[in-house]
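Participant: These are the residues of each chain, in order.
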Amino acid sequence: MLHIVNKSPYDRNSLDTAVSYKVDGDIFLLIEDGVYAAMKGGAAASKLDGCSVSVLGADIAARGIAEDKLIDGVSVIDYAGFVDLVEANEKVQSWL
Amino acid sequence: MSEIKKFMYVNRRAPYGTIYAWESLEVVLIGAAFEQDVSMAFIDDGVYQLTKGQDTTGLEMKNFSPTYSALGDYEVTKIYIEKESLEERGLTLEDLQHLTWEDEDEDWAEKDSIKLVSRAEMAQVFADQDVFFNF
Amino acid sequence: MAIEIDGKSYETDEEGYLADITQWVPGVADVMSKEDDLELTEEHWDIINFLREYYEEYQIAPAVRVLTKAVSKRLGKEKGNSKYLYGLFPYGPGKQACRYAGLPKPTGCV
Chain U
11 MLHIVNKSPY DRNSLDTAVS YKVDGDIFLL IEDGVYAAMK GGAAASKLDG CSVSVLGADI
71 AARGIAEDKL IDGVSVIDYA GFVDLVEANE KVQSWL
Chain B
53 MSEIKKFMYV NRRAPYGTIY AWESLEVVLI GAAFEQDVSM AFIDDGVYQL TKGQDTTGLE
113 MKNFSPTYSA LGDYEVTKIY IEKESLEERG LTLEDLQHLT WEDEDEDWAE KDSIKLVSRA
173 EMAQVFADQD VFFNF
Chain F
240 MAIEIDGKSY ETDEEGYLAD ITQWVPGVAD VMSKEDDLEL TEEHWDIINF LREYYEEYQI
300 APAVRVLTKA VSKRLGKEKG NSKYLYGLFP YGPGKQACRY AGLPKPTGCV
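From first to last, the protein sequence lines stand for chains U, B and F. 48 is the number that my numbering gives to position 38 of the first sequence; each next residue is one higher, with no gaps. 78 is the number that my numbering gives to position 26 of the second sequence; each next residue is one higher, with no gaps. 256 is the number that my numbering gives to position 17 of the third sequence; each next residue is one higher, with no gaps.
Keep in mind that the hints are not guaranteed to be accurate.
To give a feel for the contact side, a few chain B residues facing chain U, derived at Cβ under 7 Å [unchecked claim]: (1) M60; (2) A66; (3) K104; (4) T108; (5) G110; (6) T129; (7) E140; (8) G142.
Each computed DMTMM-like pair below joins lysine to aspartate or glutamate, with the alpha-carbon atoms no more than 20 Å apart [said to hold, decoys possible]: (9) B:K135 x B:D96; (10) F:K318 x B:D157; (11) F:K308 x B:E162; (12) F:K316 x B:E158; (13) B:K130 x B:E78; (14) B:K167 x B:D180; (15) F:K312 x B:E158.
Hints are computed from structural coordinates only; laboratory data are not their basis. Fair warning: this is a prediction, and the values are worked out from it, not measured in the lab. Even glycine gets a Cβ: it sits at the ideal position worked out from N, Cα and C.
I would like the entire structure built from these sequences, with the hints used as guidance.
Facilitator: Have a look at this one:
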């Protein structure tokens, strides 16, 4: 299952909810304001412990987040990578 | 204008994901023409609006982060940033733009616009205002 | 709407502002000023160029009050006043000069 989260973890509980439904093999893709969750030093970063996480490169760039400000293990992907993730995962949930 | 009122613009949304940040900035710039006493507060996700190094080319959206530097020209010189909101997000003032204004009366001396305050201090700042615009 | 410069067409909005600021060439100001029966002098160009630099830096067209103050600082007090600026741009220094410079209508102009 691919979980897509586009809301800031400090504004909405979408990420909390998404993570609470995680089972083995699930992937979390953070886009738009969702990318703030993957910033090092933020209170929300620990919510992603043990998760496989990707972020959309254009969204971190727009928000002034350099790649070295991301928590370890996060993959930065482009729009083509986004499409690949959707293709590779049979099921997708977009947590609005 | 008969009486100068204290206007406070409260920003608590991140830029780009929603339209609030840009709308607020536009309203502030338009409102600045009315010669009121304007302040801006950045709390919660609002602190993300001022981060350095924003590049929106990949999103095909207008990068409005340079516009915050024009606030001083519009005589918006009181910009309050909440310490707790920064800390919760792993940010410090170093991660934010350095906003200044130039004092015409002192030969254009450059002065800081940003004031870092605690939540308790912000509550006092709010208590001292007349009108609020929340974004 | 659109304006023609050297056989090339430039799209404008319903108020005559250039639709795409990145398309601007000095000819835009020449054609627009001709339509207004205004002859552009070096003084006009100082303001037009200033506006373009301001937009480049801040991504907005300044309000007249801001323009006046900034011109006063950059080009001197004798030019940084609305009398001088309205003398150059009778339809309003904000609106008219911004239009010639290819900028959108100034933020704070209603």
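Participant: For every hint, state whether the structure bears it out.
Facilitator: Structure-based check of all given hints:
1. M60: 20 Å, violated
2. A66: 5 Å, holds
3. K104: 6 Å, holds
4. T108: It holds, given that the least Cβ distance between T108 (chain B) and chain U is near 4 Å, below 7 Å.
5. G110: Holds, about 3 Å.
6. T129: 23 Å, violated
7. E140: Check passed: Cβ of E140 (chain B) comes within 5 Å of chain U, closer than 7 Å.
8. G142: With a closest approach of 3 Å, the G142 (chain B) hint holds.
9. B:K135 x B:D96: 10 Å, holds
10. F:K318 x B:D157: 18 Å, holds
11. F:K308 x B:E162: Holds - the C-alpha atoms of E162 (chain B) and K308 (chain F) are around 15 Å apart, at most 20 Å.
12. F:K316 x B:E158: 15 Å, holds
13. B:K130 x B:E78: Holds. K130 (chain B) to E78 (chain B) sits at ~17 Å (cutoff 20 Å).
14. B:K167 x B:D180: It holds: about 16 Å lies between the C-alpha atoms, which stays within 20 Å.
15. F:K312 x B:E158: 12 Å, holds
Hints 1, 6 from the earlier list are contradicted by this structure; the remaining hints agree with it.
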